[in-house]
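A.B. asks: Protein chains in written order, with our numbering: chain A, 1 to 498; chain B, 1 to 507.
By construction, these hints were calculated from the structure, which means they are not laboratory data.
Glycine residues also receive a C-beta, built at the ideal position from the N, C-alpha and C atoms.
There is no bait here: all hints are sound.
Below 27 Å or equal to it, Euclidean Cα-Cα: the simulated DSSO-like pairs (lysine-lysine) are:
1) B:K438 / A:K270
2) A:K270 / B:K443
3) B:K464 / A:K270
4) A:K149 / A:K181
5) B:K264 / A:K451
6) B:K331 / B:K236
7) A:K283 / B:K438
8) A:K363 / A:K410
9) A:K334 / B:K443
10) B:K403 / B:K443
Rough simulated footprint, nothing fancy, chain B against chain A, three-plus residues with beta-carbon under 8 Å:
11) 262-270
12) 380-394
13) 399-406
14) 423-430
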Amino acid sequence: MIPINLIVRTWIFSAVLIYVLILSVVHGKNIDKLKQSMVRVSVTSQSYSFVRPWEKKLPKSKRGIGVILEGHLILVTAGLVENATYVELEKLESGEKSPANIITVDYAANLGLIAPVNESFFDNNCKPISTVQKKATVGDRFSVWQFEKNGTPIVGDATLKSVHVEGYPYSRSSLLVFEIKVLLSRLGGSYTLPVLQKGKLVGMMMRHNQGNETMTLVPSPIITHFMADYNDGLYKGFPKAGFGFLKLEDPQTRRYLGISQHDSGVYVDKVQPGSAAFESGLKVGDVLLAIEQYDIDKFGQYEDPEYEKLLLSYLVTTRSFVGDSVEFLILRDKKERVLKLKLKAFNPDEYAIPPYRIDEKPKYTIVGGLVFQELSREYLREWGGNWFTSAPQEFVYLDMNQWDLIPPGKKVVFLSQVLPSEGNIGYHDLRFLQVTKINNMSIERLEDIKKALHKNSNPQHKIEFDDSPRVIYLDARNFELENNTIQERYGISNLTQF
Amino acid sequence: MHLKSISENRLHFFPLLCLMLLLQTLLTSRVAEAEISPDKVRKSLVRILVTTQSPDYQTPWNSGRIGRGVGSGFIISNSRIMTNAHVVSNAKFIHVDKDGDSKKYPAEVLFIAHDCDLAILTVRNHDFFNDTNVLSIGEIPQMHSNVTAFGYPIGGDRMSVTRGVVSRIEFRTYSHSGLDSHLTVQIDAAINPGNSGGPVIQNEKVIGVAFQGYSGAVAQNTGYMIPVPVINRFLKDIEDEKYDGYVELGIHYLNLQNPSFRQKLNFPTDTGNGVVVTEVVKAASAGGQLKIGDVLLKIDGHSISSDGHIVLDGEYVQLEEVVERKFHGDKVLFLLLREGKQISVIVELKGAWPYAILANKYNVLPEFILIAGYLFQPLDRNFLNAYKSKNLDLNYHYSHFVKDELYLERPQIIVLSSILPDPINSYSNEFVNSIIDKINGIKIRTLRDIADAFSKNSEYYVLKFLNSGKPLVIEQSLVDAAQKRVKSQYNVVEDYFFNDSIKRVGN
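Here chain A stands alone, though its shape is the one from the complex (with noise of 0.2 Å):
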């Protein structure tokens, strides 16, 4: 039992305490300047629909505070401006506003620069902030910076609780996340908002979960990763080894492969076709035991100079760039081996179905009527929050096992709909097959259809799928009338997009 008084006394305490430490970051003179180095970004965004690929979705708006970097840049989270057809900045203070161009973007990161079109939007007031460069350490005290509509500064005080490395949203790599506690109501629902740390930025919101009171950072590591990157000429983002690993705990396990060591090693589980892991000879079931000099744990993790213990992506995404070597040891067959891997850069492209495809269009081309499109997982995404239990299992189960099932270089082309014509008839029904020849040639990718209608000289079109009915014809001889009526009927603008 806690006598009542003292909770009372703690309370006032942490009361006091937190005041006090409002009062230090806050300070009178201190809110204006860093004001004047932040800016409010509107955007209007407009995703492709993925269902309908000649078309784009309802336009949304999207609102967000960005940070004014050495430069004449904006920082803001990719989140902010993906698919952007209009960004606005509005100074906090006098309501002026500019058009914005976009940068760069990194979604893999999910972080982006922006400026404003006409540089003299930034007038002397407009300092650059910097980013923290020293290390965080958990219980370190952040602030989160909003802003009322006239401009009027709303801090929340936040304390740094968890430095670990998480899934970002938008690709399958993990990289370094800040995690601290704030007690903050969310203006107008602001997509990014910056978090500083005695004046300087420490991270970038990404995510935050007003229930517990927490909030995921894009953290200062990974900012000045991104910034070292843009600076150094060519953007070529963060590196990514490609490989998945599975912890080794179990003593019977460690036994049967032969681990001496005490406490070391993950089970390398799968390894991405053309990666750089793949390139230097790695291969599923072995054991990783070390990266350059660090030792990997049975967790995969391993002791950072700077954040303790880490998962090991960190070493490989953010201490490291692209083109970079890096060491793995590993054990094979119970001998330890040396795989020196030239990192490459992280580029949905390189999957045989990419885990974001954004600010481009999708990939689809019409003929007789019948939609064909190259399978992506924002094609799943259409289905929704669970599209893992709602989309078509066949297409999850080859997105998730894309590594072992899917050749190198090749891409899932597909018929998703028809469209129905008098030429489609019997067909009308068809849809989530996966075209594997027409006219007898083999389609890898979505290219692959024009040629192979192209060099057809028979009366009908064959095309082939994988699965039932196998194989239907199309009449080869009106063509292209078919297409047009087909193109008129439907509205469709162009009956092509690559």
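Dock chain B against the given chain A, drawing on the hints supplied.
C.D. replies: Just chain B now, with coordinates in the frame of chain A:
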């Protein structure tokens, strides 16, 4: 016939047998028309009281949950009682009584047909049949004609009579197996739990067996009955004192309605006949006989239209109806076009075992083997229902088992379904719900292969799973002690059960 994947067949039906509910329900029983005297039916109507025991797939070593149910039945010739299969499924003890007779008689199941939801019972004590009336089987009723349903809906001690008209005759999924579709007659008489197995009468003859209702907000006053063709097929099947079940042709086809496709085959484009075979299930009757790309023109002399229909006894029905009416060993004659030539192909009909995993199973104990706390079970419909699993791998292998002929490689898909915790398996939870591929390099094709693998001497048992690189490793020296601990800790009486009565013809 299974021409669609199972997921498309999930309809919202409820089996009519339910546990006795203490409901105070007013049943307005309209007086039947002069066409039948209720007294005559009363003398053949039987109330069936059943004690069931349903195995629990999550603890397959237990004998299962005990439940009670009530259904209806009626006396047909040879001292036999006809009812629904679902009334007496998983029954451990059955007794029957009659309206106005307090005596209860023990009964036993003679034949049970889960694929068409019919069963035959008998009562050894012949006193039961004193002063009873035998009902005979009639015909398919006309649309919109009056019918009268008899039974013991929602329990109740007295017979209930409801009347309605025939509103639709069509193919429909029988919810008892959840897989099979047969001819079904929809009537607008209320069919309630407990009505199950009761006769539906017209002109003093049985024209159907009430068997399922429709639950949901959309439809009201709809009941379904098993019509005469299905009843007669069942009665004919058991004439040799054994129920063999339906036969499976095992093909998918594409309606031949596209003009270009017809042109390609040099068929007239306007007046159409013929369908194209697009899938042949190897383990079914058509396996090895029909080929993908065959154009089916006639079945047993009946011309097949370009939408897969034939005219049979003056009715326009799907071509499958020909097979639907046949038995094991019967033959079907196809006239077809293969590689430009017209040929005749005879297909001898049989059942197709791989479909069994897609249907609800009754009266069989779940197969399993428990080793060192690791529970291995074959994937089937009962398994998925019990675990309510949304696992992608499991659902994929279930729904593609027949379609992609996964059964050829693995007659049984064996899943590590759960782990009873013990020090030997402390670090293995990540493997739950995985499908086992190999043990020590040997492919696992049935549950028995697991037992065989573990009966061999080896320092390590290395279990590989599908779609995963990392193996599960078990040291042989630890297994025996763990097995003893797990069996006593978790009260596991038997650590395996194999049901080898299911015939499997793989590779």
